[in-house]
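Q: Sequence:
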Amino acid sequence: MVLTLHALEASGVVLSGGAWLCSLATTLMSTWLTSSTELLPTESYELGLWGTCVVQEQGALQCRAYGGILGLPLDIKLGRILMCLMLAVGLCGFLLAVSSTQLVSCRHGPLGRHCHQKAMKTAGAALCVAAGILGMVPVSRIAHLAVIRYHDKSVPEVVPRWEFGDALFCGWTAGVLHLLAGTLLLTSCLCAQTGSPDTGTPMVPLGRLHSMQTV
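Position 44, counted from 1, in the sequence shown is what our numbering calls 25; the numbers after and before it change by one each time, with no gaps.
Note that these hints are calculated values from the structure, not bench results. No residue lacks a Cβ here, since even glycine has one placed at the ideal position from N, Cα and C. Hints should not be assumed to be uniformly reliable.
Ranges between beta-carbon positions, derived for each pair [stated by the list, open to error]:
{"id": "1", "residue 1": "A(-12)", "residue 2": "L76", "range": "17 to 25 angstroms"}
{"id": "2", "residue 1": "A(-12)", "residue 2": "E24", "range": "48 to 56 angstroms"}
{"id": "3", "residue 1": "A41", "residue 2": "R142", "range": "18 to 26 angstroms"}
With the hints as constraints, model all of the structure from the sequences given.
A: Encoded structure:
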């Protein structure tokens, strides 16, 4: 039982750290959407949360940041806000998950330590799940809008369409890893609750305690 508990905790912490790194990469990557056209086969275009890039056939990359916040589309604004929230919430969840493991927690007595670990682990698991949901929303929204615009019959076929970029798949991976990390941490809490015996100090009747002191 103890080995299973440690395995669940370690897996949750590792997945939480990996999910946060994927979230950071997704936020910084410029390949949320990609586009290429037959009119300019030597160039392709990339769109991210912070700017657009032009990739030439020779491998040269030229990026340009967005001019201002007010002129940005709603999906880009929403993506920025939710991804930054995902990074903050995911980092807090990861730190709580690390500090709640039995290998690094301080010893303040068996019962107090168990309650302290359980509270921190539950909070870390909840934050991991929240981070996963926050990351899924902007990635799925931008992907949904890309699909709608790709199949829009009112746009001429010669107009280039935006397609899925690597950042979207990285964002979905980050969301799934966050959800898995939260699930594993919550499962470890349930295993610890059902498998740990009552370590509290037994109650001694006052009459028996008085008789023991007088003997």
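Q: Now look at each hint and say whether the structure bears it out.
A: Comparing the hints with the structure gives:
Separation of A(-12) from L76 is about 21 angstroms and conforms to the stated range, judged on CB atoms against 17 to 25 angstroms. Separation of A(-12) from E24 is about 49 angstroms and conforms to the stated range, judged on CB atoms against 48 to 56 angstroms. A41 and R142 have their C-beta atoms about 24 angstroms apart, which keeps the hinted 18 to 26 angstroms range intact.
In the structure shown, no violation is registered for any of the earlier numbered hints.
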